[in-house]
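Chains D and A, in that order, give the protein sequences.
FYI, in the numbering used here the residues of the first sequence are 1 to 428.
FYI, in the numbering used here the residues of the second sequence are 1001 to 1262.
Certain hints may be false.
Claimed, not checked - Some chain D residues close to chain A (C-beta under 7 Å, calculated; not the full set):
| no. | residue |
| --- | --- |
| 1 | T101 |
| 2 | A130 |
| 3 | F291 |
| 4 | S292 |
| 5 | V302 |
| 6 | V303 |
| 7 | S314 |
| 8 | L320 |
| 9 | H324 |
If you are wondering where the hints come from, they were derived from the structure by calculation, not from laboratory data.
Glycine residues also receive a C-beta, built at the ideal position from the N, C-alpha and C atoms.
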Amino acid sequence: MIFFKLLFMVCLLLLPVSGLAADDGYGYPIPGPYESTIMGTPASLKPQFPVHMRTRRLVLDIYPDRKKPPIFFYDEGLLCTLAFQKQKAPLVFLIGGTGATNQSPRLITMMKSLYHAGFHVITLPSPTLANFIISASQSRVPGDLTEDSADLYRVMETAWQQVKGDIEVSEFLLGGYSMGASQAAFVAKLDEERRVFNFRRVLMINPPVSLYSSVTRIEELLKQIPGGAKKQGFFFNRMFSKFSRFYRYGNFVAIDEDFIYSIYTEKLFTTPETAGLIGLSYRIGLAGMIFSSDVMTNSGYVVPKNRVLSSSDSIFDYFLVSTHLSFYDYFNEYFYPFFKKQRPELTKQALIDSQSLRSIEGYLKSSTKFGMMTNEDDFILTKAELDYLRQLFGERAKIYPRGGHLGNLEFKDNQAYMVDFFRMGSTP
Amino acid sequence: MKITSHYGRGFALTAMFLSLSLGGCAASMVNNTEEVPAMHSINEFKDQRFAEVEDPWEGFNRSMYRFNFYFDKYLFLPVVNSYEFITPTFVQQRISGVYNNLGEVRNLTNSLFQLKGMDSLTTLGRFVTNSTLGLAGMFDPATSFGLERRNEDFGKTLNYWGADSGPYLVLPIFGPSSVRDASGLAVDSGISYGIYTAINPFGNTGNSFVYDTLVTGMGTIDARHQKSFRYYESGYPFEYYMVRFIYHEQREIEAGMPLPAE
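Could you build the full structure based on these sequences and the hints that come with them?
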């Protein structure tokens, strides 16, 4: 996932965009769901905070006996980040979206907002991240909401054990975005049985209703590539050459914010191209998940079974192979067979259905602890799914007119809403 | 957000670390189980390869990448972290300013080598302004006067005079580079060393060796302090290739390489 973010430098500093969007009282400036998703929030419209923040890096050894393959020699445990107050305060656990590390920019912005509002915060990587698959996933096969959430719960317990001697906590809160939002719902449900944290409030930001359906939306973006996803290499090279030419002819001094800003204002990429780039960056992230899981389970999916890769072996061909596999390939050839082996009666449809908020809708509807934020134009949702969320959460739903998928998450109004949500009814 | 790494001149423990790190790889696992071909392989896809960079010494480079990870972990970053812990942020920024200002000498010589008149004047203007009004570079008034920094180095100069980047190369401590950029780095370091020796700023103190070492050591720490890049921090198993691609393309694009065919 990091890739196009680096390429486009999602850190689009100081974008002075204004007056672009409709005047509807909502100040997030970028219209267009794909554009906002890629561009995110201009730095000048993010909340501003002092630089100083008391943080500690947590390295969690969840499975001390697990042997790690030599290719992952650098992985010493699950990485999480704690930001802590000196005094007693509520602790918020935050779960990142697909492919997010504990340091991903969105999590860090959320952490800063909450820290400067007086909360302790622990950021958790997504269960789809290689680090999580290697160090914290029991099955080492990511994508199942129930199992991933049980893994997350174990991680939270371990993290809490590690920090509870050093910080004073008044109560626990939970939040997540994108796939992390769905996981937050399942984690909260599990907590109703286990009662370790008794989360007082749980916030879901840009959740998918059904993982399978949302991934279908994203896979469809790749259809906008000429020749489809199987020709992503041609597409990538063509887009990249466009990018270089633009730089060359524009007399830019460096690949910096001015350059990135002009890519946007000059509309270097058409809308289908932008859609294709989002789809491709998603595939590049997915490739990391597929490869890591395959190595950890020795399934012979993209790496030959029983091959032991050393830290200096070339794995570039595995990168190319993995990026060419769709989510459907992963689901049908790897994920479903894995669960089918454990539960022979399991049908594909039942597995798909269990990856949906609908499977716990009774709980979500009745529990007052939930809040949900999303956008009218979040393209991972169909119209029907958006209506479903509206009806499911009712008063507890906050729906913004634009922002695409997560584009407006770091916008200051959204951050303020999030902080207020966690503050509400708090016992200081 | 440059990945270019110019960490300074601290080679003291390199040799020792190198032998440790490379020795580690030799003890590979013995595997008696027979391999079974994977379900998917590269041959089934009829597509262009992408994000690839010429890298004939990948095995060596990946070992060096690993070495840098350990060097950072056990020596470089602990030192940098202690520095950040004991030094107020304001002081850190002033120190970075001074070293960045000294770096203008490299920008200037290389702008001149590339016959870039306007850039040379801009850089000279920056250097003079920041050395005087900016108190030896502690502050940067030049940027607010419209004199923006133009980063140049001998790698770009070589490119200007027609040298190809050559294969990708991961240098110990300095990190991602290429054959051309590594030669450039050597030349730039030689020039700085020459100028420094000629001026010999601490020649009359009687303790010049101590001061020179301090200046160099501080420069090395500051350079690492200014880079946010951390090896393997992305948690992405193909990080090596992403770093390689972005480093290479950023250098090519900024050096103004001939355009690829559409």
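- Does the structure break any of the earlier hints, and which numbers would those be? none
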